[in-house]
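Visitor: Please model the complete structure; the sequences and the hints are all you need to start from.
Number of protein chains: 2
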Amino acid sequence: MRILKLIGVFTPESWQGHGFGADSSDSVIAAGTDMTNKATSKARGPLTWADTHHPGISETKGEYDGRWVYINDRANGRIAMVDLRDFKTKQILDVPNLESSHGGVFVTPNTDYVHISTKIPTLVDRTNIEKSLDNVAQAYRGYSTWLKVDQKTGRMDVSQSFQIEIPPYWQDLADCGKLVSDGWGFINSYNTERAVGGNMEGKPSLEVGASQNDFDYLHIINWKKGAEVAQTKSKVINGMRVIPMDVAVSEGLLYLAPEPKSPHGVDVAPNGEYISVGGKLDPHVTIYAWSKIQKAIDDKNFEVGAGPLHTQYDDKGHGYISLFIESAVAKFTLGEPYFSGDKAFKLVDKVSINYNIGHLCTMEGDTVKPAGKYLVALNKWSIDRFLTVGTLKPQNFQLVDLTTEKMEVLSDMPIGIGEPHYVQAIRADRLKAWEVYPVGTDPLTFEKSPTAAEKDKEKVERKGNTVEIWTTVTRSRFKPDTVKVKEGDKIIWHLTNIETTPDATHGFSIPRYNVNISLDPGEAVTTEFVADAKGAFAYYCTEFCSALHLEMQGWLLVS
Amino acid sequence: MRILKLIGVFTPESWQGHGFGADSSDSVIAAGTDMTNKATSKARGPLTWADTHHPGISETKGEYDGRWVYINDRANGRIAMVDLRDFKTKQILDVPNLESSHGGVFVTPNTDYVHISTKIPTLVDRTNIEKSLDNVAQAYRGYSTWLKVDQKTGRMDVSQSFQIEIPPYWQDLADCGKLVSDGWGFINSYNTERAVGGNMEGKPSLEVGASQNDFDYLHIINWKKGAEVAQTKSKVINGMRVIPMDVAVSEGLLYLAPEPKSPHGVDVAPNGEYISVGGKLDPHVTIYAWSKIQKAIDDKNFEVGAGPLHTQYDDKGHGYISLFIESAVAKFTLGEPYFSGDKAFKLVDKVSINYNIGHLCTMEGDTVKPAGKYLVALNKWSIDRFLTVGTLKPQNFQLVDLTTEKMEVLSDMPIGIGEPHYVQAIRADRLKAWEVYPVGTDPLTFEKSPTAAEKDKEKVERKGNTVEIWTTVTRSRFKPDTVKVKEGDKIIWHLTNIETTPDATHGFSIPRYNVNISLDPGEAVTTEFVADAKGAFAYYCTEFCSALHLEMQGWLLVS
Ligand SMILES: [Cu+2]
Ligand SMILES: [Cu+2]
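The listed protein sequences correspond, in order, to chains A and B. For the record, in the first sequence the residue sitting at position 481 is 481 according to my numbering, with numbers rising by one throughout. For the record, in the second sequence the residue sitting at position 107 is 107 according to my numbering, with numbers rising by one throughout.
Hints listed in this document are in silico derivations from the structure and should not be mistaken for laboratory results. Where hints are given, some of them may not hold.
When chains are identical, the list treats them as one kind, so a pair holds in a single copy or across two.
Below, a list of computed lysine-lysine pairs in the BS3-like style, where the Cα atoms sit at most 25 Å apart [stated by the list, open to error]:
no.	residue 1	residue 2
1	Lys463	Lys131
2	Lys534	Lys463
3	Lys152	Lys61
4	Lys486	Lys369
Guide: This is how it looks when you write it as structure tokens:
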């Protein structure tokens, strides 16, 4: 296992020039914080950070199709879209009415919708914030959100989207129905006790208060019908069509089924029939059969080990479930048509991992067609596996062989660049990533930019206090290489990398102006700023591109 | 090869909570931009980005000692210090009079000083900025900067530091003398033509204009004497003692020796006697002998291949030089005492790499005691080595075996998280990194924080509009877990991770306030902000810490 690339999404990332002056990324990040409708700190916003948890690769007929990937912001109730043509972030959406989200991200089998739900419910009755926790049932609400995907661009369109109001529990992991259960979605919940803590006042801490009841509730949602009901029986709140909870219940959009207390993962098997729920505080996994859910609840429940969290599948009717407390992966069998009689719903193998596994991932293991021979264990703690590199330790991914009779750990990979939460594994041949852009391409539209600079047509134009510059970028020069402006001028600078060779990326940095842009081959970018600092600024190429890379610079003189 | 950890330095990094509200990192980043003495954009500053190029691990008697590492900002003329006890950034210094820097970073053999020099010279005569490029010789200056290191904290102390004014060439790579050449430093230069471009006006592009002359100049600097001269014959400019160029020459601090045109790397051999200069535009490497430099110049010059850049050494008298244009590493012999007669100064082996090698690194290969059997090639282009992951490709590190008769490439490692420039390799047993902090430690001082929260002494205090909070953090709760304040209150929030178990890191995020902090075991941090957004904010732990991690949250009610 090795990391090929990190993609800047919510947080500015300087190597990729993500959020350091390029219009194509700055505009995405800026649009990603709703400073008007949501209570965001004006002094500290817009948001430049997120807690990404759950990616959702786009699907066609329940298989990954390699077009887009969506990923949520746990902290702030947002979601982003990365285009897998160029592996860049194209949209960040601050989802109306969501203040947080967790594992509720998935796409529907043809990517008509991408789903995201609240984790911690949203304060909706703002009349008495101070006492709102005394009255969670009335003051707070959850939202199961179905974001309509534009099939041409992959972007989420709020005007075509809808939400289903759900109870103010803490909604956790979720998954989409497929094949026999197509049209439905499943969301786990916990803290149906609606505990709010208060440990300084002698009340039980949240982790105690939220674990009192024997049951929480699996939310079963009919999204196909929801899309119809939203047209007539919703009300618009903060720009989003919301179906009220009573309508959702009366229309048959929302059912609550009891599930073992404080569950964590809910994962639908490839055939859409079985739904595996991890018990978290209990050594059991519970398997719901969709055909029986439709009649009545009749679940299978068997012991797998301590702290069962998430399930992934292979194509032979096995589930693989992570055991956080036991630091292990358990392999179990599903029922018909895979296994029958006493061969079904049984623990068949277990392997120890190092340590504290959260999610796990089999190859395309959450699609209708799991493909692989391997499993990756996403271990939250690495403890003693690696050299000590300070007080913050990396996490540990382990590769597990599924082809041998007993599962076997093959290798470790330290992850010291973030706390990855869930991952998805896609077959390489499903990706159709571009090597280069056609020269002059705007990365936001994938089309020719009307302001792209062209070879031998470079120019500098002044209109009043605005200076507009068209610069070509190639090995090993910027043209023009000297730009003279006046203090206070507004600069609109168009840069185009006119190279057609794969890997011939150039950078464009302006010292002391906090501008750094990555110009991939063919890419056209614009940066705008006011020349408010006087001096001689040596702009230069930040990607080592050629033997004369160190000569690739120019002068911006601000006088 | 595998990556154990990425360290946030100049750019905020959310996993480590670097620059997202923690006083210990926010204060470092804020102090890292001089908004007063340097021409920095007020609208776009302070700087949150850097182009890190050259690390310098601290040394004792010319060997790495594992205390600190320094790294420069190529774009903005800055330098940072990372403490290797906890692998965190403790200081960012916006170096007076430097507008940029490149490869001029090294420590002296006992880390008395860390050196950084200008790359692009600094505009010093600001009377006619617009015409300043017509008069580079007068209007611009370079600075060889010797930053005094506090031996207790590793921090650079400007008041004890000094600069030597150097000509307005482009100073490039540099290295420090050692053993026989101790007390001296060496800096390459190029563009001694002082070309400024002007390609829109029909003048030659910079990469042409800067490559006209047959020779550039190796700068040879007596820093030990410089430290003395600085006490009496310097003038203070922007808080830094500067020795003027004429004084430097008359006092024998600065010598210029001709070197082949547009050289790149200058690297001093382990014994301090040989100095290898890469020709860049020429297939030759030039070796200077220190004993002969002191009498007169008498260099050895032999062909190694196209585009020689940087040299590293082993302990047997070999140099390994990167060939950018040829995409290869060449191995050559040094002279006495390693090799003599026609065995000396010869190309002895070459290995192809993939592709376009910039720097290279042997184990501790820039110290007095190179140790290793391996070499890492830092290849700027990967082209076809990896799956295509969009238009921006990773770089490629290759591991080369030096123990076999012919050098051999053993493996590839994609680098998709930045453009690494130079690296250093340190023996693991020289590192003495901490596993945990003693409970209540301020990471900036490594001492007990006076504002650390203590178990069972948690509290919330209001004084006027200021609310001060002392919170303990442990599996799986914050105490207090409910904080009620008024809109507009100033919040001073002290958080202490009271865990003593290695790897028991917790996070602390406040949604919509752009606050995310990493609290390693024992760590005490303070975050201050104004509660300017009204609502119910579910603060929570962002590091998966326990089976009840998802219950680890609290409520900040702002009403
Ligand atoms: Cu370039
Ligand atoms: Cu925690």
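Visitor: Return the numbers of the hints above that this structure violates; sort them in rising order.
Guide: Of the numbered hints, just 4 does not hold.
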